[in-house]
Amino acid sequence: MSLHSVAAIARINLRLLGRDPFPFVIIFAMPIVIMPFVTPLFRAALIQEGKPDATGSEYAVPGMAVLFAMFAVSHLGWHTFQEHVWGTWPRLRLSSAGAGAVMFGKALPIWALVVVQQLAVFFLGTLAFGLSIRGSIWALLPIAMVFASFLVTAAAALVAVCRTPQQLDVFAQTGVLLFAGLGNALAPTSLLPGWVQLASPLVPTTWATQAYRGIVLEGDGMLEVLPEAGVILAMTIAVGVFAVMRFRAEDEKAFMQ
Amino acid sequence: MLVAAHLTKSYGRVEALRGVSLELKAGEVAALLGPNGAGKTTLASLIAGLRRADRGAIRIDGVEIRTSADAARQRVGLAPQTLGVYPDATVEENLELFASLDGSDARKVRRRVSAALYPLGLEPLARRRVWTLSGGQKRAVHVAIAIASEPRLLILDEPTAGVDVETRARMIALVLELAERGVCILYSTHQLGEVETLNCRVLIMESGQLVADGTIGQLVRAHHVPRVLFRFAGPIPRLELDLPFQISEDELSVASADTGNVIQRVVRALGENSSRLVTVQIQTPRLESVYLSLVKPARNGGAS
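So the sequence lines, in the order shown, correspond to chains A and B. By numbering that gives the first Met the number 0, the letter at position 22 of the first sequence is numbered 21, and the numbering carries on one by one without gaps. By numbering that gives the first Met the number 0, the letter at position 295 of the second sequence is numbered 294, and the numbering carries on one by one without gaps.
It should be emphasised that the hints constitute simulated quantities derived from the structure, not laboratory data. In this text the structure is predicted, and so the values were computed from the model without any measurement. Think of the CB as a built atom: it goes at the ideal place given N, C-alpha and C, for glycine as much as any other residue. Where hints are given, some of them may not hold.
Said to hold, decoys possible - The calculated label-pair distances, taken between Cβ atoms and stated as ranges, are:
#, chain 1, residue 1, chain 2, residue 2, range
1, B, GLU176, A, VAL243, 57 to 63 Å
2, B, GLU176, A, PHE246, 35 to 41 Å
3, B, SER113, A, LEU118, 39 to 45 Å
4, A, ARG247, B, GLY192, 39 to 45 Å
My request is simple: use the sequences and hints to build the entire structure.
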């Protein structure tokens, strides 16, 4: 796999993304739109947890950033299926790039956009929702990077196991709700049933929201978020190994009309 | 350049290829003919490295495709039957991508893109997004992508489907020019007229097998004989002729390689009735009649 091929594929995918940016406008805009609705709920939970000065944005901003970033999974998956529709997949396979470079090249722009989205939602949270970040803003970056890595790897895994974009869509959308629910992005942890609290460490969203909330409320820095970053990275590697084992470049993807 | 030996490929219980072998030299153009389902696209896919043969071996420019797939693929350009273009990218961007995937530097990529745009008349369309082009123009872009990586072996699967007369002529000219430069070309088509224009080697496939291989002239000589048609004013006069012939209303026809001899003998046999002879026509067999004679019996045989 050459960096040159990855860059060439990333470049065309970035151009295509720029010509149809609507999915990413949603991923960027929806957290801001939904934030006013969920902030009071999170504020009530924070007051109950003994933080009377909280605005609610301390939980709402990380939760919404993580929730809407997950829609990148279906976007990347769908876009990879589109290569079969456009007939470009066989051409890419036939090139000297190889399937690995193709997937990396496709994932790279989405990965970068997710990282930017995470940071942008925090930035807008401070401007519009009174979010105050006590910890290091630089510590947001490694969490955003590993979380984005998990999402693009999950998309590759779904492409590997699904035969149709409809299958992928069902898995991805269900995954968004499940991971957001278990990962404390939809509602404060303290309001969730006990079994959900027990299951929540199994999903990377839990570790991402926990790290973000630690930076915002507890004043965590780079060193403090490393354990959470490490857990998300380990999950990414596990999903990545699964994706590599299941991925067959020669698989023909069926399309329901 | 290309050596394929004893290729077999099945999809479930369907045998798509049954022991196909062929060799193509550098600079050689071979037209691959056959009815739908004959195995042409499967053969092209195996040679391109998109599918693996169940049995058999393929060598491209001396590189074994099974053991050195990446190296073999670098030598192949493919324009598959179905279009393979990014509709929301411009013509130039499509070409740039596929011209650069082998790691070529920007200057080489620009040269390759220009070289691919020019022969198919795509230069004025270079900045247009592909979805805004007509079907024929998209097909031309599709073919241009296949040549953009400067392949040693070019596989074109029905490249002229839906293109206008001018683009078709450009494509034929491009194929001949590439062959002159030493590129080996496998040209799968249903358009026999194009094959006659290319005047190239012909491979005819039927039911997963190669049933004919040769130049147009060789195939015509081997599989068909000319026919002499005699047309009369009114009913055909009685004549004694020691040749096998067929009669239909006002027409008498004799199949023979020696057409001159046939005409002499028929005129002699007609005697005084030769004044009723209106026209004499020699029907030279064409590729189409050879193709039909090779493909139809096999189809009927398969059906029975």
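Indices of hints not satisfied (ascending): 1
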